[in-house]
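Novice: Chain A is fixed; fit chain B onto it per the hints.
Chains as they are written, first to last, in our numbering: chain A, 1 to 758; chain B, 1 to 187.
Take every hint as true, because none was put in to throw you off.
Among the chain B residues that face chain A by a calculated CB cut under 7 Å, a handful are:
1. K12
2. V14
3. C16
4. A22
5. K24
6. H45
7. P47
8. P49
9. I51
10. I91
11. G111
To be clear, the hints were calculated from the coordinates, so they are not data collected in a lab.
All C-beta atoms in this analysis are idealised placements derived from N, C-alpha and C, irrespective of residue type, glycine included.
Each chain, letter by letter, is given below.
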Amino acid sequence: MPDFSRRDFLKLSAGTIGALAFSGVSKLGTPQVRAAPNFWWQEETTTKFNYCEMCYWSCGVKAEVTNGRVAKLYGNEEDPTSQGHLCPRGQAGVQQLYNPDRLKKPLISVGDRGEGKYREATWEEALDYTAEQLKGISEEYGGPESIAWLNHTSSGAWFSHIAAAWGSPNSGGPAHSLCLGAREIASKLTFGRPVGEHMPIDWENSEFIVLIGNHIGENTHNTLMNDFMGALSNGAKLAVVDPRYSTAAGKADWWLPIKPGTDTALLLAWINLLISTNNYDQDYIDKYALGFEELKEAVTDYTPEWASKITDLDAGLIRRVGRGLARYRPHSVVPPNRHTSWYGNDTQRLRALFILNALLGNYGREGGFYFAAAPWLGDYKYPPMKLESAGGGCGAGGGGLGSDTLPEGVRPRADEKGKKFLYGSLAEPEVIEAMVTEKPYPIKGLIADGTNLFHSVPDKERTKKALRNLDFYLAVDILPQEHVMWADVILPETTYLERYSDLKTIHGKDTPYISFREPAVKPMYESKPGWWIAKELGERLGLGKYFPFENIEEYLDERLGTLGLDLEYMKENGLVKQPQLSKPYLTDYVSKGQKPPFNTPSGKIELYSERLEEHDLGPVPQYEPVNDSPDGYFRLLYGRSPVHSFSRTQSNRWLSEIEDENAVWINANTANRLGLSEGQYVVLENQDGIRSNRIKVKSTQRIREDCVYMVHGFGHNTPEMPIQDKKGASDIALESEYKLDPISGVAGMRVNFVKFIT
Amino acid sequence: MARYAMAVDLEKCVGCGACVVACKAENEVPEGKFRLVTYEIEQGHFPDPKIELRHEQCRHCDNAPCVAVCPTRASYVDDNGLVRLDYTKCIGCKACMVACPYDARFINPDGGYADKCTYCFHRVERGEKPACVKTCPTGARIFGDLDDPRSDINKALSDNRVSIPKKEAGTEPKFFYLNEELTEVTH
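Just chain A, same shape as in the assembly:
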């Protein structure tokens, strides 16, 4: 927190002030006592285009460069995702670039895994050694499937490309199984469409909004915040369902402080209410949906009074908000959130949420969900790949609903999709499990690109065991994060401000568009861009034909050529908009005599899912209780800070100045009962006896008595990064348990409990 200098100053005696003032007066005759400071904006600047990678929202950026340094980042006014704005993290991208603790040279381990002892190496040596190790593993363990590729940055796609070319299906990242997988699978099951990276809610026409565990404002996605606030400014009503009084709850007309883990009961009660009072959109359901009678039958007993007992919410309040949804339909909406891996029943919870929206008749209608249009861009012409690439970053979340068809001889995914769970992209925790058990087959090589294995995957002790069990582990990163310092080889990547990246296609309502990134400055130290690292590694693995371009400029030129454009055009303009592709509403299809774009097997919204029925996984969502807290423990909830992204930004100077540690929120009455006071440091111990780093108490009226909350991403153990080292506690370290969602394979992490150790 900032120091309030005036208060400090007032501590000085009046005599001192007088003396200072007098010395000032005595200098009145002096015209100049010091030189004027020089600001960057007094210098000549050049502007470079980029899209932000402080998170995955990809806001368009203009980087102002003076004397070879990035001085300031602005939102690009022409870019539909930034609209000229940047959030605090976007503003602080400069401090990622100039973070003094960055990885500077390739490193090769000279100690045991986890010891953190390294020697510097040349790129040549580090890449040769890496390729030799990976080839050795592939030979010894029956093929490239024995190597896993985990990523969480835009560069990740280049490494997924190697996995696909070589033939490892064990490629993915946290985006699916530790985040939005359940949402994507539930949406595809129900509407036959993904939700996608940018939430396609028609905020500007919404009149009644219900958020469930959806932290807009603490989740600082530029346009999402702007659109949400725009809706409220237009007079939309807002109800927020959350055990914690979030920033969004602070803007709400109604706060529903729900008992954690009971959200599905509330959603089913609203479904029951709409149907039993005949307040759903009958016309819409008749025309577009399938399975209404089965749904009606299945929710008969889920009355608001029933839900009241389970959710600990007032039945009248449940009815009041339900009536609001009905009254404003189809301009009422219950948007899904992003991080959906909560309790292991997550696909069914999200199915209930989407079914509720369908009953409001809002999908493909004004004020509900619009159909997001993708911009068109031709693919780069690669030779035929062995497997389909899993992609990179958050775009890798989701996955199809079919079973994987693999060419003969390729072993199926080691996460045991099809056995442990039904659908979706790679389940990262299950691949970690395979590294430990060597079942269904050994995973002996790992490439981690920009994904923090110790701060995203639950059961950290198991992750450590998995890393110890590997034959070879490569980390590609910007910073010496804890998991990076376990790798056998560490390769320093450039930040997004020092490199070209692939073109970014961004879906939209009115303006699907393609965004462009160019280096604002030359790479610092010996860092190299992700595309270059992947190409060099690919060539050493005998996969050179899958990287047929000399450099990325050539690659970008060819892709832009599919639009009749070139690199020079993008350097001038920074983006290409394609508004002609926009078809946001059902009327855009129906009026032209086209089929509504529900890509389910039936071509309709599937309230009843035959596909789930076939696998005995519940064709209609039903309520199933989650585990209850042991005596004396509180359920551990976690979420986001507006100034931090995951566990990536805690060493960013500007962001850590605003928030350099997290706090554990506890209801003030409970805090009093336990003798805990505001600001006191405590240690948390979970149900398995695992203890956290020390963490401050935030005693507040803004949370229920049965749970505690902390911001995710703190509690690093990184002596190499002093700004973040040992600051606050890690929720992941306390999440030694998780519950696997049998449909999507996401890992529900809100099944852990903690008590206070003072």
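Specialist: Okay, now just chain B, sitting in the frame of chain A:
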């Protein structure tokens, strides 16, 4: 010639801190110092708590005590109503820091002068908005010329409930809160 003013719509502010970092970056504010800070206040009891944001920065007062007390006339009001600092004349005596009821000033550790918000006059001169206003993702920060009846600021001031923090100080600040609900209790 203009009379520039700023407002923060507390209904729209989510306290994300984009303005704080934008200010820091734009003005190269040294580590540990801020020209602009935000904080949250909490009132009420479960299950009916309330929260609201507060922003602290220079108010560019029409009747600026920091200007009145400055012994070297380093602090002055410019033609556009902005309270400015002639860095070359500031002797770092801190008289302005004591005089300011808004705790808006601090000694810049690199330069030794009594630093504070300038409403980004260097951007305003080019016809651009201050960095904090430009970046605000929810449009909660509004800036403009009080002398221009069609300006954003005049529209915002006439379309919303307006309050002036610490109005009793009599400094005639040109910084307003819109739609303030909670009364801050200071301890």
